[in-house]
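K.L.:
Letter by letter, the chains look like this.
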Amino acid sequence: MKNQILSFALYFLMGCPFVLGQVIDLDKEPEVLSSGTFSKSTMYYLTPFSSISYNIGYSNMHQKLNTELDLNQRKFGENISTGIGWRKKQMFYNFIIAVPPFSSIVGIQNGNARTIAETKDGYFDFTVGHAIVSNDRYFLILRAGAGIQARSIQLTQIYGGTFDLNDLSNPPGNAWPQLDHISGTWDVAVEILPRAFRTLSVLPSLQMGYKGGIGSPVWRSSDMNIENSLSDRVSILYLRFSVVISRER
Amino acid sequence: MMKLLHIKSLMVIYFLFLGNETVETKFLQEKEASLVIYRKSNLNFSTGFHLYLNDSVVIKEIEPNTYYIIKTRPGKVLLKTQGNALRNFTEKKEYSLTLMPGQTYYLEAIQEYQVLMTTMHLVRRQEDSFKHATKKMKSNFLSVKVSDSDKKDF
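In order, the protein sequences belong to chains A and B.
Take 0 as the starting number for the first sequence in numbering that gives the first Met the number 0 and just add one per residue.
Take 0 as the starting number for the second sequence in numbering that gives the first Met the number 0 and just add one per residue.
By construction, these hints were calculated from the structure, which means they are not laboratory data.
Keep in mind that a hint or two might mislead.
Claimed, not checked - Here are a few chain B residues that face chain A, going by a calculated C-beta distance under 7 Å:
#  : residue
1  : Asn41
2  : Leu42
3  : Glu93
4  : Leu96
5  : Thr97
6  : Glu111
7  : Tyr112
8  : Gln113
9  : Val114
10 : Thr117
11 : Arg123
12 : Phe129
To be verified - Derived DSS-like pairs: lysine-lysine, alpha-carbon spacing no greater than 30 Å straight-line:
#  : chain 1 : residue 1 : chain 2 : residue 2
13 : A       : Lys27     : B       : Lys130
14 : B       : Lys30     : A       : Lys87
15 : B       : Lys39     : A       : Lys39
16 : B       : Lys130    : A       : Lys88
17 : B       : Lys92     : A       : Lys27
18 : A       : Lys27     : B       : Lys134
19 : A       : Lys27     : B       : Lys59
20 : B       : Lys59     : A       : Lys88
21 : B       : Lys30     : A       : Lys27
22 : B       : Lys92     : B       : Lys130
23 : A       : Lys63     : B       : Lys59
24 : B       : Lys92     : A       : Lys39
25 : A       : Lys88     : B       : Lys134
26 : B       : Lys91     : B       : Lys130
27 : B       : Lys135    : A       : Lys88
Unchecked claim - Label-pair ranges, simulated between beta-carbon atoms:
#  : chain 1 : residue 1 : chain 2 : residue 2 : range
28 : B       : Lys130    : A       : Gly121    : 51 to 59 Å
29 : A       : Ile23     : B       : Ile68     : 19 to 27 Å
30 : B       : Met99     : A       : Met207    : 44 to 52 Å
31 : B       : Met99     : A       : Leu199    : 34 to 42 Å
32 : B       : Glu126    : A       : Asp24     : 19 to 27 Å
Virtual Cβ for every residue (Gly too), placed ideally from N, Cα, C.
Bound conformation, chain A alone (with noise of 0.2 Å):
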């Protein structure tokens, strides 16, 4: 048995460096370009690193909260995404969904008390794409689709001095109630996306695009019915970067 094990790893151990120094012989190689091959693919979108957004909507509570409270919300947001696409030759089609890794976290200090606006954003969209160039290096994607935003802002207000424990039933502070925008979005987007050499690939994505909101809806709570609400209209520009595994046929 220690000898098959032994003879194993002497195996293993020649074996490999051979495997991966293998000389590819150019003298009876045919020409054969493998990345043509593929007319399929279902791919699985993840992005192990945020996804910058801009948001130049929101314009109303943004306004709203910057006059009355001297919260300047802020305009870059980060999310983390995940999704499914598939491709049959030049058309793409894709879900993703994004939640944000953190709260966006904005306070100020007024006197004792301290006001703080949490807002935290995801969505969710699908998009059809068509390969407005496809050769046998890389495509670029021209992308449009539709999907859902949205947005909830907590405002608590918190004073400063000693807090005892024992005492949780009274709260040293205020909150107000949950502000929810939820507004339906058309998406425009350019892809770049590498082609793939191998039946199973991890290839890199760059997507740019616009999402701008369908109507303007009215700030909601789930909490509490809100009188005189606000209505906002949503536009955002995003920059993703995903990691594309890639199931070719």
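Given chain A, work out where chain B should sit, using these hints.
P.N.:
Frame of chain A, contents of chain B only:
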């Protein structure tokens, strides 16, 4: 006897160094083989790739939208592509090719992008596909002569 040895050793030195070189340069001028390497335009978000010919660097970076002409001694050559900077994220590829005197060989360099592993493949092509591919290419061509005694980097 000693004199004879001296003459013999002088002759050996002459043939080894001087004689051999003149024969070699003459041979190179007459019957060298051409190796044409071209790369189509591509996305360029990766490290450059070296091209090694018989273990010495002949092209420091195989750039897109460029073709290179390498004139070298005929015979079996070993070609290798390897990442320039981030070596751990690139794959080393080795190829062998037999060059006949006076012949031209066309190779297309194709870069395969994968996350954490980029590869530069060399694929044998015919003259027609080279001419078709280089039609719109800028005339970024470089000519280099490689022999065993004189290995140039460029």
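K.L.:
Are the hints correct? Go through all of them and say.
P.N.:
Verification of the hints:
1. Hint status for Asn41 of chain B relative to chain A: holds, with the closest Cβ pair at about 5 Å, below 7 Å.
2. For Leu42 of chain B, the suggested interface contact is upheld, since its CB lies about 5 Å from the closest CB of chain A, less than 7 Å.
3. Checking Glu93 of chain B against chain A: minimum C-beta separation of about 4 Å stays under 7 Å; hint holds.
4. Evaluation of the Leu96 of chain B hint against chain A yields a held restraint, the C-beta minimum of about 4 Å falling below 7 Å.
5. At a threshold of 7 Å, the smallest CB-CB gap from Thr97 of chain B to chain A is about 5 Å, leaving the interface hint in force.
6. With a cut of 7 Å, the hint placing Glu111 of chain B at the interface with chain A holds, because the nearest CB-to-CB distance is about 5 Å.
7. Checking Tyr112 of chain B against chain A by beta carbon gives a least distance of about 4 Å; that is within 7 Å, so the hint holds.
8. Below 7 Å, beta-carbon pairs count as interface contacts, and Gln113 of chain B has one with chain A at about 5 Å; its hint therefore holds.
9. Interface hint status for Val114 of chain B: upheld, as the beta-carbon distance to the closest one in chain A is roughly 5 Å, under 7 Å.
10. Proximity of Thr117 of chain B to chain A is violated relative to the hint, the smallest CB-CB distance being about 9 Å (cut-off 7 Å).
11. Satisfaction of the interface hint for Arg123 of chain B is found here, the shortest Cβ-Cβ separation to chain A being roughly 5 Å, below the 7 Å cut-off.
12. Hint status for Phe129 of chain B: violated, given a least beta-carbon distance of 12 Å to chain A, over 7 Å.
13. About 22 Å separates the Cα atoms of Lys27 of chain A and Lys130 of chain B, which keeps this hinted pair within 30 Å; it holds.
14. Distance restraint check for Lys30 of chain B and Lys87 of chain A: the Cα-Cα separation of roughly 50 Å exceeds the 30 Å cut-off, and the hinted pair is therefore not satisfied.
15. A threshold of 30 Å between alpha carbons decides the hint, and for Lys39 of chain B with Lys39 of chain A the separation of about 24 Å falls inside it, so the pair holds.
16. Under the criterion of a C-alpha separation no larger than 30 Å, the hint pairing Lys130 of chain B with Lys88 of chain A is consistent with the structure, at around 27 Å.
17. Among the hinted pairs, Lys92 of chain B with Lys27 of chain A is consistent with the structure: their alpha-carbon atoms are about 16 Å apart, no more than 30 Å.
18. Our distance criterion of 30 Å between C-alpha atoms is met by Lys27 of chain A and Lys134 of chain B, whose separation comes to about 27 Å.
19. Our distance criterion of 30 Å between C-alpha atoms is met by Lys27 of chain A and Lys59 of chain B, whose separation comes to about 27 Å.
20. Only pairs whose Cα atoms come within 30 Å are accepted, and Lys59 of chain B paired with Lys88 of chain A is rejected, the gap being roughly 36 Å.
21. With a CA separation close to 23 Å, the supplied pair Lys30 of chain B and Lys27 of chain A stays within the 30 Å bound.
22. Between the alpha carbons of Lys92 of chain B and Lys130 of chain B the distance comes to roughly 25 Å, so the proposed pair stays at or under 30 Å and holds.
23. A distance of roughly 58 Å separates the Cα atoms of Lys63 of chain A and Lys59 of chain B; the hinted pair therefore is violated under the 30 Å criterion.
24. The straight-line distance between the Cα atoms of Lys92 of chain B and Lys39 of chain A is roughly 27 Å, inside the 30 Å bound, and the hint therefore holds.
25. Taking the CA atoms of Lys88 of chain A and Lys134 of chain B, the gap is about 27 Å. The hint holds against a cut of 30 Å.
26. For the proposed pair Lys91 of chain B and Lys130 of chain B, the alpha carbon gap of about 28 Å is at most 30 Å, so the pair holds.
27. At roughly 26 Å between alpha-carbon atoms, Lys135 of chain B and Lys88 of chain A fall within 30 Å of each other, so this suggested pair holds.
28. Between Lys130 of chain B and Gly121 of chain A the beta carbons are some 53 Å apart, a value that agrees with the proposed interval 51 to 59 Å.
29. For the hinted restraint 19 to 27 Å between Ile23 of chain A and Ile68 of chain B, the CB-CB distance of approximately 22 Å keeps it satisfied.
30. Between Met99 of chain B and Met207 of chain A the CB atoms are about 49 Å apart, so this pair conforms to the stated range of 44 to 52 Å.
31. Taking 34 to 42 Å as the suggested C-beta distance range, the pair Met99 of chain B and Leu199 of chain A conforms, at roughly 39 Å.
32. Between Glu126 of chain B and Asp24 of chain A the beta carbons are some 21 Å apart, a value that agrees with the proposed interval 19 to 27 Å.
Consistency note: the structure conflicts with the earlier hints numbered 10, 12, 14, 20, 23.
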